[in-house]
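*Asks:* Here the protein sequences come in this chain order: A and B. So the mapping is simple: the numbering used here equals the position in the first sequence, first residue as 1, plus 9. So the mapping is simple: the numbering used here equals the position in the second sequence, first residue as 1, plus 13.
Hints listed in this document are in silico derivations from the structure and should not be mistaken for laboratory results. Check the hints yourself; a few may be wrong.
Stated by the list, open to error - Partial pick of chain B residues on the chain A-facing surface, computed with a CB cut under 7 Å:
(1) 42
(2) 45
(3) 218
Computed from a prediction, not measured in an experiment: that's the story for all the values here. Backbone N, C-alpha and C define an ideal beta-carbon position, used for all residues, glycine too.
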Amino acid sequence: MQRNVAVVGVGQTAFGEHWERSFRDLFVTAGVRALEDAGVGGDEIDAMYGGNMSAGQFIRQEHVAALIADYAGLATEGVPATRVEAADASGGLAFRQAVLDVASGASDVVVASGVEKMTDLGSDETNDALAGSADREWEVFGGGNVAALYALMARAHMNRYGTTRRELSQVAVKNHRHASGNEYAQYTNEVSAEVVESTPYVAEPLRAFDCSPASDGAAAVVVVPAEDATAYVDDPVYVEATEQASDSLTVHDRRDITALDATSEAAERAYAEANFSPGDIDFAEVHDSYTIGEVLAVEDLGFAEKGEGGGFIDEGRASVGGETPVNPSGGLKACGHPLGATGVRQVVDATRQLRGDAGTQVEDGSVAVTQNVGGTGGTAVVNVLSDGGSV
Amino acid sequence: MGAGIVSYGGYVPRYRIRTEEIARVWGDDADAVEGGLRVGSKSVPDEDEDTATISVEAARRALDRTSVDGDGIGAIYVGSESHPYAVKPTATIVGAAVGATPLMTAADMEFACKAGTAGIQAVLGLVESGRIDNGMAIGADVSQGAPGDALEYSAAAGGAAFVVGDQNVVAEIEDTVSYTSDTPDFWRREGERYPQHGERFTGKPAYFKHTEGASNELLDRLDASPDDYDHAVFHQPNGKFPARVAESLGFDEEQYATGLLAPDIGNTYSGASLLGLVAVLDEAEAGERIFFVSFGSGAGSDAFSLTVRDGIEEKRTGLRETLEDVEYVDYAQYAKHKGKIKDE
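So that you can see chain A by itself, here it is in the shape it has in the complex (with noise of 0.2 Å):
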């Protein structure tokens, strides 16, 4: 990069069902949120990325940038904000775009945000959207909506590894209980793996408690060069490295159906640029929008071999006391996942860790991963960022 960058402010609201607010409302109270946690004002702000999967298809909305500069009191001011969108990849892209821009040299105050208003849709036609991040030609048009493309691969790592149904489980009741100190997280009640086990199906093997919910919600950063990070806050939390890669958008293209190769290719390149290795990793938030996903992830961040991220879950390596905490917001399980602000939330909730003031917090971690991927794996954005005391 050309020069370093910094987060130095975060916000979110909680997710949930927000029957009572809308799409404007919620990026509206993130973002206030995250400028007054940077301590920057409006006419400070030179640019905005706002990640947003389908406002178009979930609210009849479009041009949603314009409409969060205008809405946060930006429009008098020829802001340029940019709406960035890679399905639920978008709100990582949006947090790397700001970063970019930053390092670049081109911007010195940046918010990155992320926004989803699910909840004003019915389930079929909310199916319906999200399907659009698969191939609609190649995948949804013959039946294979997302949940069915994760249950095929989660059958494929079963198959091949030996990955069972109670290791999927553990997902989710570890992502349940780090949620249960997290105030923003949609479900912060507990559950046994034979609660998850009897939930109903969804696309077998995975079962309704496999699955992220749909969720309102928004979160925003605020970034700025590192140089200039202390000036706004004591504790700023420093990109080392933000990297992203592109697969082939339908899983029968993939070299492997088992690992997604946009996340351990834009891994890779991002601990090469941060100068880590994966045992350097402290802890990761990773997209579990379905179990199988954080397995893959597990494996494809190289916290565990490939084939064996069932069962680090299961061992309690992947738990906040653990040898590598992964999800300690809760994930996208628990904490709910509104498409694309769970990107950006994930980098929100990366930030509080390492200033040491999450809720359910991770002893001294100091370097942590991102991991945010487009549908089923077309796209994948990992960032590595620190608490700048191994720097």
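Chain A is fixed; fit chain B onto it per the hints.
*Replies:* This is chain B only, laid out in the frame that chain A set:
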């Protein structure tokens, strides 16, 4: 003594269909549905039963155990969302059947599942103002759920009638308040056969918000708490919602169990909360207090505080016992009873 309930009667058709039978047809997981809704079976009307026949049956039962006869009824309001006619009142059919016509006022009401309690409030106003001595409010439905829709597991049939007056009152209405907003959680447009609903939107922002809103307002006004009541009855679209709202308000199972019928008969819509009140009045003793709250989509709740008075023993109807006389039907019979299939 203030005005209140003089007599009452409830009626539920004897046919039932089990949740597992509906789940069998649609390929759903019966245990998951039953666990989610806490409805094990629902009532099914006979082929020739409709809101008018159910209303007449409930009205006759209400008049069976009172000295008030048809001539003494100055008003009849029938609340339902399944009136047999779009234009032509059900209330006149009931008035004629019980001999209340012609010197009376009559009208049909609609407010989703709470039109029956809206009728009680209207009659109460006429009684308290001295316009009439006694009036009758009825809530009844043969509710509709589209085949395969989640509603099909609960949409049931039944109704209840209440004679409200200011003489020989067996349950005094101490106060009533309503909590109303324009909330599109559930609706059926003119000409449509089956209602539509907003899925999870029917819960927190609709049922719970309005039920809790009316309940808390009534408790505040009376400076009362849940501990002051012996019984609590809530609208029961399923077995889960009324239990959850009761507990969130601070009532315990002992208070709400007597009036909770939905697990066995499903959601009788305009009849649902009223039938729960019938079941409670059948058990309650003089001096006991009843907390009673309806809910209607669209949306609103009417909350009532009642105190049971002497004479209640002579009014008991034995509703719970009648609910044990059932005949289970399969989905094919159910489809015929509900007019989902017809002979040509």
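*Asks:* Confirm or reject each hint.
*Replies:* Evaluated hints:
At its closest, the beta carbon of residue 42 of chain B sits 5 Å from a beta carbon of chain A; the interface hint therefore holds under the 7 Å criterion. Restraint check, residue 45 of chain B versus chain A: the minimum CB separation of about 5 Å is within 7 Å; hint holds. Of the supplied interface hints, the one on residue 218 of chain B holds, with its beta-carbon coming within about 4 Å of a beta-carbon of chain A, less than 7 Å.
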